[in-house]
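Produce the complete structure using the sequences and hints provided.
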Amino acid sequence: MSRSNSAVLSNPLFREPTLMGGVTHEIEFRDAVRDAMSEEMRRDKRVFLLGEEVAQYDGAYKVSKGMLAEFGERRIIDTPISESGFAGMAIGAAAMGLRPIVEFMSWSFSLVAADPILNNAPKMLYMSGGQLGCPIVFRGNDGAGGQLGSTHSWAVEGLFSNVPGVKIVIPSCAADAKGLLKTAIRDDDPVFFMESERLLSIKGHVPEGEYLIPFGHALVRRVGTQCTLCSWGRPVNFCLEAAEILAKEGIDCEVIDLRTIRPLDLPTVVASVRKTSCAVVVDQSWSFASPGAELASQIHRHCFDDLDNFVHRVHSDDVPTPYSSKLEQEYLPNVRKICEAVRSATYRA
Amino acid sequence: MMATTTPSGSGANSTHGAARKLPALPSTTLTKWLREMHLIREFEVRCMQSYQEKKIGGFCHVYIGQEAVAVGCTAAVNLEDPIITAYRDHGHALARGMSSRACMAEMYGKVGGCAKGKGGSMHMFDRPHNLYGGHGIVGAQTPLGAGIAFATKYEDEVMNAGRNRRVTLCFLGDGAVNQGSVYEAMNLAGLFDIPVIFIVENNGYSMGTEISRGTTMSHELTIKGRAHGLKEATIDGMDVLAVYHDMHELANWCRENSRPAFVDMKCYRYKGHSMSDPRKYRTREEEERHELNDAIGKFERTLLDHAVVTDASIKEIMNSTREEVRDALKFSNESPEPDMSELYTDVFVEPWGRFTGSSLPEFMGGAANACRFHATNGKEGLV
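Chains A and B, in that order, give the protein sequences.
Our numbering applies: residue 1 is where the first sequence begins, and numbers increase by one.
Our numbering applies: residue 350 is where the second sequence begins, and numbers increase by one.
Distance condition first, Cα-Cα at most 25 angstroms in a straight line; then the derived SDA-like pairs of lysine to any residue:
id, chain 1, residue 1, chain 2, residue 2
1, B, 679, B, 713
2, A, 65, B, 507
3, A, 62, B, 541
4, A, 65, B, 540
Covered stretches of chain A (in silico footprint by chain B; criterion: 3 or more residues with CB under 8 angstroms from a CB of chain B, positions within the stretch not fixed):
id, stretch
5, 109–121
6, 130–140
7, 186–199
Short, incomplete list of chain B residues facing chain A, as computed with Cβ under 7 angstroms:
id, residue
8, 465
9, 472
10, 476
11, 486
12, 492
13, 497
14, 500
15, 507
16, 530
17, 696
18, 697
19, 698
20, 710
Worth flagging that the hints you see were computed from the coordinates, not collected in a lab.
From a predicted model like this one, the values you see are computed outputs, not experimental measurements.
Even for Gly, the Cβ is constructed at its ideal location relative to N, Cα and C.
In structure tokens, the structure reads:
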């Protein structure tokens, strides 16, 4: 249970954006991602960005807008549509000590690069007996919600969190996206950084000045006493919305934003559940063998005597993602489903 | 070292017979190559025995027959030029300079192995000798090879504002030629002017499938490289002098021009694909025909003709390689099993939870020396 990250946390750059005070700027999620990349590229020449349409086109979702002009074509690199090739190429470069940022236009497209990102990146250090690592960041859009149809709507954390050797980061807001991505770029291990296409245009307050957010450090976004809602990425926002509705019904929820699912900040979750005696896990991946299932299992293991009910779980429905907006909204782990799960878990259903 | 020769590596240029003029090289260099080829063969023969004795587990692919390729290619480049290969990798490791002890002990799964017994036969890594694996999925090492070459070029040109000065050798088998990732890697290398040479060790078989049964245009394999704008060469991989000569020229061209190349390296593996292969897909007559063209025997005859070696000195070489491999076996037998704590090291560079950071293999300074992976060969890339 104990985390040996005290050395990491003693780094003065690791700061909680919501506690920094001072001036903040309201910027879009995509701007926060870009600022993180640009700041790190100014700091470290080993860092470069590659992916489809990241340079001349300014990024398929305009995340890398203006970066070509600042850093030039040697460091902002347009690749052909060739995920297996450029992901593998970037891994080779990382083994040599460069620090590539690979943009997948969508994490759904990473599936054609499954061999390099799952077989090479996370195993390089182990198989070489510590001789070669892989300091690389893969990032891009993840999750459903934009009526993109089934093949473009993957929440790949359901697949990839099973693999040892990767760190998986799923921010829920602009300030976290910036601080977590800066940490990811400086990390010596492979990091899968998952953005939501639905969040890119959402504005948030981002503090002025440099800050990094450590991995494995969850944030309690709403303090409550009766039920702990655990989530990461876009569904954290659904949880906060649900908590407001439930508050009016007299159910006081605590909302924990895990931020990273590998490493997973269990101590924060366990402390909360021991207080509320009730837990609901909200995860945008499919339920079977998912990160949500893992977290629920861990809560049962560590809070067995504290729980008043079994851990309830809210996921995307166990079907391929539908196109129809009505069906897709129902498919997602939405506010209604979260409210129903909390009512059931707290015996108010 | 930077020759300014124009390449002659284009097309089917290498039809050298056995009796070649010796290059203007010191006889110690030529003798060294002969020793390396003998070492690899002796090592692999013992490897097969150890496998049958169940001292080596898992999959094991021996290099017997192809020794001239690894030895000639490695001799044709500098130590700072990276090498990456597939799973038939013991020969490349030894030719690159990994000790027989570290190589054999790795297969024994012992702590004295190059990866402390965590990689195995298919995953030989040797950072001090710039050997970047040992990769098990067919073709998977080709995008990595392109990336390694991308990194050396980036370091030379972008970070240090100089000229490209390295070339990467990326070995693959003829079976890998049908993997999509290989085409993606060649396209990227052609597109980004990456100084990497894709060397297809064309031994005629992908496992049990004869090349023409699985590969279109197998009579003219270089067309696959030409399609991506790569410089091409066909080289007789059963002739170490041809391999050295043609690869040296080609490597220098790639370095100078910062461009990729594709080599159809024609060779033959005498043994099966792996230890469990009874070779029912080819005749004994075919094998014997190739064994008559044996690269070691041929090279020995050339060196004898030119009085570089004598029968006695060859015997001495064979004795010394036998002794070296015997020592490697003894070392591997005696090297301890990895400590159980090694199960949890090298998962992450940054220690987290139960994971206990990283330690380096003995041959790099001892597993006891707790150490962290540092990027860019210790250089800080910070602006």
